[in-house]
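Start from the sequences and build out the full structure, keeping to the hints where you can.
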Amino acid sequence: AQSVTQPDARVTVSEGASLQLRCKYSYSATPYLFWYVQYPRQGLQMLLKYYSGDPVVQGVNGFEAEFSKSDSSFHLRKASVHWSDSAVYFCAVSEGTQVVGQLTFGSGTRLQVYA
Amino acid sequence: GPKVLQIPSHQIIDMGQMVTLNCDPVSNHLYFYWYKQILGQQMEFLVNFYNGKVMEKSKLFKDQFSVERPDGSYFTLKIQPTALEDSAVYFCASSLGEQYFGPGTRLTVL
Numbered sequence: 001a002q003s004v005t006q007p008d009a010r011v012t013v014s015e016g017a018s019l020q021l022r023c024k025y026s027y028s029a030t031p032y033l034f035w036y037v038q039y040p041r042q043g044l045q046m047l048l049k050y051y052s053g054d055p056v057v058q059g060v061n062g063f064e065a066e067f068s069k070s071d072s073s074f075h076l077r078k079a080s081v082h083w084s085d086s087a088v089y090f091c092a093v094s095e096g097t098q099v100v101g102q103l104t105f106g107s108g109t110r111l112q113v114y115a
Numbered sequence: 001g002p003k004v005l006q007i008p009s010h011q012i013i014d015m016g017q018m019v020t021l022n023c024d025p026v027s028n029h030l031y032f033y034w035y036k037q038i039l040g041q042q043m044e045f046l047v048n049f050y051n052g053k054v055m056e057k058s059k060l061f062k063d064q065f066s067v068e069r070p071d072g073s074y075f076t077l078k079i080q081p082t083a084l085e086d087s088a089v090y091f092c093a094s095s096l097g098e099q100y101f102g103p104g105t106r107l108t109v110l
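Chains as they are written, first to last, in my numbering: chain A, 1 to 115; chain B, 1 to 110.
In short, the hints are calculated from the structure, not lab data. Bear in mind the structure is a predicted one, so any value in this text is a computation, not a measurement. Using N, Cα and C, we set each Cβ at its ideal position, and we do this for glycine too. Just so you know, not all the hints are guaranteed correct.
Stated by the list, open to error - Label-pair ranges, simulated between beta-carbon atoms:
| hint | chain 1 | residue 1 | chain 2 | residue 2 | range |
| --- | --- | --- | --- | --- | --- |
| 1 | B | 27 | A | 115 | 36 to 42 Å |
| 2 | B | 3 | A | 61 | 17 to 23 Å |
| 3 | A | 71 | B | 3 | 15 to 21 Å |
| 4 | A | 20 | B | 7 | 36 to 42 Å |
| 5 | A | 61 | B | 16 | 28 to 34 Å |
| 6 | B | 39 | A | 28 | 29 to 35 Å |
| 7 | B | 7 | A | 45 | 15 to 21 Å |
| 8 | A | 42 | B | 58 | 45 to 51 Å |
| 9 | A | 16 | B | 53 | 48 to 54 Å |
| 10 | B | 2 | A | 68 | 26 to 32 Å |
| 11 | A | 40 | B | 7 | 48 to 54 Å |
| 12 | B | 2 | A | 115 | 31 to 37 Å |
| 13 | A | 84 | B | 2 | 18 to 24 Å |
Stated by the list, open to error - So the derived list for chain B, only partly shown, Cβ under 7 Å to chain A, looks like this:
| hint | residue |
| --- | --- |
| 14 | 24 |
| 15 | 27 |
| 16 | 31 |
| 17 | 43 |
| 18 | 52 |
| 19 | 70 |
| 20 | 74 |
| 21 | 95 |
Okay, structure coming up:
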């Protein structure tokens, strides 16, 4: 069965520091990969997605992620975090071969940015 | 960006009662989803819906659950009867390709 692992439940960084949130997936083929962010009392917002091509994809608000087929990973990065980036981040994988298929989510990483 | 709305934001009911969770999807979207998140756990897929029919459902989508979009507007999840283990936050999503999520309805079954 397909699975998504986010090994870090919580990450704390200082404002201006760089960030990497880790995500590994288990799937027989290359799936569609996503990162979502959830702010308090709001729905999930998509940060970026990977379907194919260049393994480094750019998203909103300065986020990027790198797909690695050999490592089965899709880590999220940001060069310089801001306090407003504090939120819960979810990595997700789309089932099957269609973008509109069901999503399998990781358990989420809670990011706390302090001044 | 496009917004998905969910009504109500919080519902408290007694075990055995019926509950309907409402989702107002993005207006031109064709695919609709429900996900369930128990406190402290990851979000899990329940069901997706297209062209008036359930396309896929997970093992979490029990016989007591049903979905419909009766008037082409709200996409609803009905649970009848409810059980204690149904307490969770339920997220609706809609899609033409990428899924857009609502803020969730927190369901508490007493």
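Hints breached by this structure: 3, 5, 8, 11, 14, 15, 18, 19, 20
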